[in-house]
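**Student:** From first to last, the protein sequence lines stand for chains A and B. All residue numbers for the first sequence refer to UniProt numbering, where the first residue is 1 and numbers rise by one. All residue numbers for the second sequence refer to UniProt numbering, where the first residue is 1 and numbers rise by one.
Careful, some of the hints might be misleading.
[Claimed, not checked] Cut-off 20 Å, straight-line C-alpha distance, at most; resulting in silico cross-link-like pairs (EDC-like, lysine to aspartate or glutamate): (1) 94/B <-> 296/A; (2) 110/B <-> 75/B; (3) 168/B <-> 192/B; (4) 94/B <-> 189/A; (5) 56/B <-> 32/B; (6) 27/B <-> 215/B.
The set of hints was computed from the structure by calculation and includes no laboratory data.
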Amino acid sequence: MKPSLLWVAAFGAVLILLPQVIGSAYYVNLCSQILIAAILASSLNILVGFGGLTSLGHAAYAGTAAYFTVYLSAHAGFGYLAGAVMAVAGTTAMALLFGLLALRASGLGFLMITLALGQILWGIAYRWVSLTGGDNGLGGFTRPQPFGIDLADPAAFYYFALVVFGLALFAIHRFMHSPFGQSLQGTRDQPRRMSALGYNVRSIQLLSFVYAGFWGAVAGLLYAYYHQFVSPHVLHLTTSAETLLMVIAGGAGTLFGPVVGAALVVILKNVASAYIARWMMLLGAVFVAIVLFMPDGLVPGVSRLFRRFRNTRRTAMKNTEPDAAALPPTLGKRSA
Amino acid sequence: MNTAVLEIAGLNRFFGGLPAVQNVTLKVEAGERRLLLGPNGAGKTTLFNLIAGDLKPSSGTISLFGRDVTKLRTDQRTQCGVARTYQIITLFAKQTLAHNVVLSLLGLRKRRWNPFADLGAETALWERAREVLALVGLGHAADRPVLETSYGERRRLEIAMALAQDPKILLLDEPLAGLSADERFEVQRLLERIPRDVTIVMIEHDMDVALAFADRITVLQRGQIVVEGTRAEVVADPKTREVYLGH
Chain A
1 MKPSLLWVAA
11 FGAVLILLPQ
21 VIGSAYYVNL
31 CSQILIAAIL
41 ASSLNILVGF
51 GGLTSLGHAA
61 YAGTAAYFTV
71 YLSAHAGFGY
81 LAGAVMAVAG
91 TTAMALLFGL
101 LALRASGLGF
111 LMITLALGQI
121 LWGIAYRWVS
131 LTGGDNGLGG
141 FTRPQPFGID
151 LADPAAFYYF
161 ALVVFGLALF
171 AIHRFMHSPF
181 GQSLQGTRDQ
191 PRRMSALGYN
201 VRSIQLLSFV
211 YAGFWGAVAG
221 LLYAYYHQFV
231 SPHVLHLTTS
241 AETLLMVIAG
251 GAGTLFGPVV
261 GAALVVILKN
271 VASAYIARWM
281 MLLGAVFVAI
291 VLFMPDGLVP
301 GVSRLFRRFR
311 NTRRTAMKNT
321 EPDAAALPPT
331 LGKRSA
Chain B
1 MNTAVLEIAG
11 LNRFFGGLPA
21 VQNVTLKVEA
31 GERRLLLGPN
41 GAGKTTLFNL
51 IAGDLKPSSG
61 TISLFGRDVT
71 KLRTDQRTQC
81 GVARTYQIIT
91 LFAKQTLAHN
101 VVLSLLGLRK
111 RRWNPFADLG
121 AETALWERAR
131 EVLALVGLGH
141 AADRPVLETS
151 YGERRRLEIA
161 MALAQDPKIL
171 LLDEPLAGLS
181 ADERFEVQRL
191 LERIPRDVTI
201 VMIEHDMDVA
211 LAFADRITVL
221 QRGQIVVEGT
231 RAEVVADPKT
241 REVYLGH
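Whole structure, please, built from the sequences with the hints as guidance.
**Tutor:** The following block contains the structure:
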């Protein structure tokens with residue numbers, strides 16, 4: 001427990017000092033983008049990683065919240081706070097409706113329904129020009145100034161995003177180890193056993209779906225503040241697919257996997273695209289390599305490598321035969 | 001004492017056109033040990049799945065503790081006091097034995113809905129889980145992941161998870177399947193120690209153990225009840241021999 005807490009503290013310190021070290025506004029902005037993507041990926045991880053529910057429509061929540069907040073605050077005359085609260089609440093309510101529809105199916109059916117619902121929203125954003133501005137999107141939105149802090153400054157916005165990111169990660173960390181989170185992970189592994197143990201599997205999945213939608217909406221809020229503009233692009237299938245890629249590449253079901261995945265995708269997208277026109281191919285190649293060499297994602301893969309390295313060093317230092325108890329068990333086949 | 005814990009009336013279940021359970025009517029009294037016998041494919045496990053709620057009947061009713069539960073979901077029936085084990089072991093393989101039992105204990109508690117608390121800090125649950133594991137002789141293995149345990153240990157964990165819930169009725173689906181002679185003996189002792197306020201319905205092919213354990217026996221064939229009665233009645237009935245040995 002202690003060493004992991006140290007790691008988190010070190011990680012946090014690096015994140016806090018980052019703008020001072022980097023200096024350049026471009027890279028500070030890039031870090032803000034990573035944080036926003038990380039919140040969205042972490043929220044999808046609730047479904048994919050802990051619930052085993054692979055969704056290909058998670059952009060729906062970020063996109064809807066982004067549209068809502070821009071529309072309400074910049075065009076309907078609500079304040080920033082009221083707009084933000086209504087956007088998150090409305091999007092969370094939509095997640096409840098979508099969850100009710102999508103959870104009627106499981107596996108591939110679930111994936112297809114989430115995809116279809118996402119596409120419907122994209123269609124609305126694209127076609128309902130009078131409300132959404134169509135392809136031109138909705139603009140005329142500026143960043144808020146909470147407590148007199150001007151978020152137009154890149155470093156200030158970075159810290160704002162960092163605070164929200166910290167809250168999101170802390171909440172998801174608590175969720176992961178909570179009775180409810182552990183129940184969700186149980187329904188992922190043995191749904192039938194879970195209902196025989198008295199758990200209402202559907203309700204657990206639905207509530208988790210809504211919770212994932214809530215954090216997705218929070219990410220969408222930050223997205224709108226960051227870009228000060230929203231267009232159908234945020235609701236597009238590629239946004240959903242990229243988010244899913246972040247979760248899987250980083251390590252579904254781990255706390256930091258989606259964060260690492262988000263950093264990887266955003267950096268590749270922004271940095272590599274400056275040098276290579278076909279950066280998508282590079283992203284594809286990196287993803288294939290991850291799937292081949294670390295099928296459960298970067299975070300579990302690297303930590304396994306690290307552990308193996310430490311173990312071999314320890315045994316080499318002791319210069320003794322490995323302890324019999326530490327050998328992999330020969331008894332007990334994998335249960336089906 | 002004369003109340004039926006489980007009452008099944010006119011129960012049918014078809015898979016496509018195939019009748020898996022046909023017109024089954026059954027009554028199990030409180031505290032009884034009931035054995036379900038029958039060749040493979042007789043519908044024993046289907047009957048269990050119908051009682052537990054994993055399957056919905058094509059027609060007929062199931063009552064538990066005097067209440068019609070035919071329309072209730074599996075988890076709702078569990079909340080009423082049903083617990084079961086599986087013929088095919090169904091456990092959380094990567095988790096420790098203690099974690100498996102904790103999930104079982106948590107299933108009947110309101111706290112299972114809490115998304116902020118730390119499950120690891122629920123000391124009362126973990127202590128109770130260790131007690132239950134000690135009861136089935138797995139106290140020493142509480143912190144081992146299921147993947148690193150033997151088949152016999154997993155069978156006992158199945159039973160521990162069911163017992164942890166203090167059920168009023170326990171459905172045991174072949175609790176001795178695949179065990180060595182020593183392990184069988186241990187599980188048999190374990191089952192004998194279960195207090196009489198728990199009603200037990202068991203499917204088992206090990207006749208020595210099963211016959212010694214049962215008060216009453218129901219013999220099924222092709223989804224239908226062929227013989228039912230006390231141990232002596234069923235053993236003496238020529239139809240029992242017919243089911244097991246053919247003509």
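**Student:** Against this structure, judge whether each hint is valid.
**Tutor:** Outcome of the hint check:
no., hint, result
1, 94/B <-> 296/A, "15 Å, holds"
2, 110/B <-> 75/B, "13 Å, holds"
3, 168/B <-> 192/B, "16 Å, holds"
4, 94/B <-> 189/A, "10 Å, holds"
5, 56/B <-> 32/B, "25 Å, violated"
6, 27/B <-> 215/B, "13 Å, holds"
In summary, the structure is inconsistent with hint 5 from the numbered list given earlier, while agreeing with all the others.
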